[in-house]
Amino acid sequence: MSAFLSYLLNGLAVGCAIALIASGLVTIHRVTGVVNFAQGTFAVVAGLCTSSLLGLGFPHGLSELAAVLAAAVAGLLTGLAAIGKRGTTPLASLIVTLGVGVLAYAVEIVLWGDQPRSAPGLAGSVTVAGAHIQTQHLLVIGVTAATFVLLALFFGRTYLGKALTACASNPYAARVVGIDVRRMGLLAFALGGLLGGIAGVLVTPLRPISFDTDVTLIVNGFAAAVFGALTRPVIALFGALLLGVAETMAAGYGYGSHQLEVALGLMIIVMIVQAGRRSAISEETV
Amino acid sequence: MPEESALSVSGVSRSFGGVYAVRDVSLSVADGEVCAVIGPNGAGKSTLFNLITGHLAAEHGQITFHGHRVDRLAPHRRARLGMSIVFQAARVFGGMTVRENVMVGSHGRTRAGFVSAALRLPRHRRDEREIAAEADVALERVGLAEWADRPADRLPIGQQRALQLARALCARPRLLLLDEPASGLRGEERERLASLVEELRAGGLTILLIEHDVAFVTRLADRIVVLDLGQVIADGPPAEVRADPLVLAAYLGQAS
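Going down the list, the sequences are from chains Z and Y.
So that you can map any letter, position 85 of the first sequence is 85 in UniProt numbering, and since no number is skipped, the others follow by simple counting.
So that you can map any letter, position 97 of the second sequence is 97 in UniProt numbering, and since no number is skipped, the others follow by simple counting.
Hint data in this document are derived by calculation from the structure and do not stem from the laboratory.
If you're wondering where the values come from, they're calculated on a predicted model, not measured in any experiment.
Glycine residues also receive a C-beta, built at the ideal position from the N, C-alpha and C atoms.
You may find that some hints are simply not true.
To be verified - Far from chain Y, some chain Z residues (derived; all Cβ distances over 10 Å):
hint: 1; residue: 7
hint: 2; residue: 81
hint: 3; residue: 103
hint: 4; residue: 180
hint: 5; residue: 242
hint: 6; residue: 246
hint: 7; residue: 250
hint: 8; residue: 269
Said to hold, decoys possible - For the chain Y half of the interface with chain Z, some residues (derived, Cβ under 8 Å), not all of them:
hint: 9; residue: 85
hint: 10; residue: 128
hint: 11; residue: 167
Given only the sequences and the hints, what does the whole structure look like? Please build it.
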């Protein structure tokens with residue numbers, strides 16, 4: 001029972017990191033229609049930055065904050081490349097984001113080498129009902145919960161959030177009321193970078209991160225995001241938590257080498273089901 | 001006359017695949033005037049409308065708005081200069097209430113900065129309250145006050161158009177562009193729209209409306225421009241235009 005509880009909490013922590021990646025994907029996709037395959041890169045950039053900054057002797061807090069901001073800048077740059085030129089189709093932008101991801105490999109290898117790097121997080125663990133839980137896991141869950149609350153307030157309550165929602169809902173009409181849709185798209189990319197960065201900073205102390213960790217992150221994040229059809233953050237959050245728990249359980253009960261396959265398998269099933277449902281809907285409305 | 005015109009279109013052309021949809025069209029709308037562009041289906045009305053709003057680029061010609069050259073500006077820049085548009089299709093923002101939709105209409109003229117909006121500083125909150133109050137006034141005018149807190153995408157089509165009108169008014173436009181405002185509306189809704197347009201005209205608002213329905217337009221417009229096959233075939237007061245043999249031929253030719 002205590003093993004189950006500790007797997008569950010570990011799984012939730014993993015799921016939270018996936019949820020942050022997924023929320024970045026959803027934010028960017030809603031506003032711009034682009035599936036951003038460089039989303040995992042933002043987390044990697046943030047993770048590697050934290051590790052370097054802490055290595056240089058900068059204090060905790062400052063290092064993490066700077067790393068998250070670096071990821072936001074990476075998001076903005078990716079956005080400039082992907083949607084900076086007016087009239088780029090979402091499909092062309094998607095290919096650009098793939099290209100940015102590959103280019104990022106080269107840059108990361110030059111700057112940080114190809115070996116995995118880690119960073120110290122919160123040390124210690126607490127015992128709840130006989131289960132040992134690393135404090136860092138609790139930190140991940142807490143920060144993710146806070147991030148999602150802030151995100152919901154931002155989109156639901158602030159004027160800027162409304163303008164972003166307007167772009168997501170009807171870009172044509174958004175232009176008509178004077179909203180610069182391209183600038184809002186760039187803002188969405190920066191926000192996506194920020195969210196990816198938070199995920200990276202939180203995960204690095206748990207799992208050493210290297211230039212190609214983005215593949216695992218994007219596959220998991222994408223799997224969670226397709227749960228919410230790439231547009232619904234709350235469903236994506238539940239998808240991510242489910243995925244995190246399922247993977248951790250699989251690992252805990254002896255299928256450790258198959259985590260990525262679990263994610264891929266779930267993703268494919270969800271996509272097939274949703275594709276079927278969507279074509280049924282479009283037939284009805286036509 | 002050029003000094004006092006709010007909108008001036010001169011020699012504008014646009015073709016699709018070698019066929020002109022709009023060819024060498026010139027028209028001007030004076031400040032405070034209600035001008036209507038009519039024409040049979042396929043006359044180029046929608047193309048002209050999109051050229052003015054910036055959703056299509058003109059191949060030749062100039063468009064000036066209150067002295068600014070606008071024909072190379074993106075749609076959102078034209079909106080910020082004071083062009084507000086009501087589309088024929090339902091273009092409301094889903095996932096927001098009716099009031100929030102109208103509030104977004106003020107986007108072009110609010111200068112609430114990124115930081116103040118994100119942090120919800122007091123100044124920003126005050127702005128937001130003012131905008132909400134203004135949105136309620138606009139909703140009252142179009143008769144949607146009691147719907148303010150409902151989700152916008154659940155409104156019937158006629159009310160979605162009224163909502164777009166409220167959104168346009170909340171932007172405090174210098175020119176209101178209406179794209180086939182009466183199409184698809186029932187008698188009573190149509191009547192309400194007509195009296196609203198009359199009220200706006202009385203308030204001095206400059207309006208350009210594109211319309212298929214000649215009867216609707218004759219009652220509202222100070223001046224009518226008739227398009228046929230992408231060109232202007234008549235331009236004048238309603239009574240004069242209605243008696244013009246070219247106009248009659250264009251409409252009768254279409255009907256037969």
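Evaluated hints:
no., hint, result
1, 7, "holds, 37 Å"
2, 81, "holds, 20 Å"
3, 103, "holds, 28 Å"
4, 180, "violated, 5 Å"
5, 242, "holds, 24 Å"
6, 246, "holds, 30 Å"
7, 250, "holds, 36 Å"
8, 269, "holds, 28 Å"
9, 85, "holds, 5 Å"
10, 128, "holds, 6 Å"
11, 167, "holds, 7 Å"
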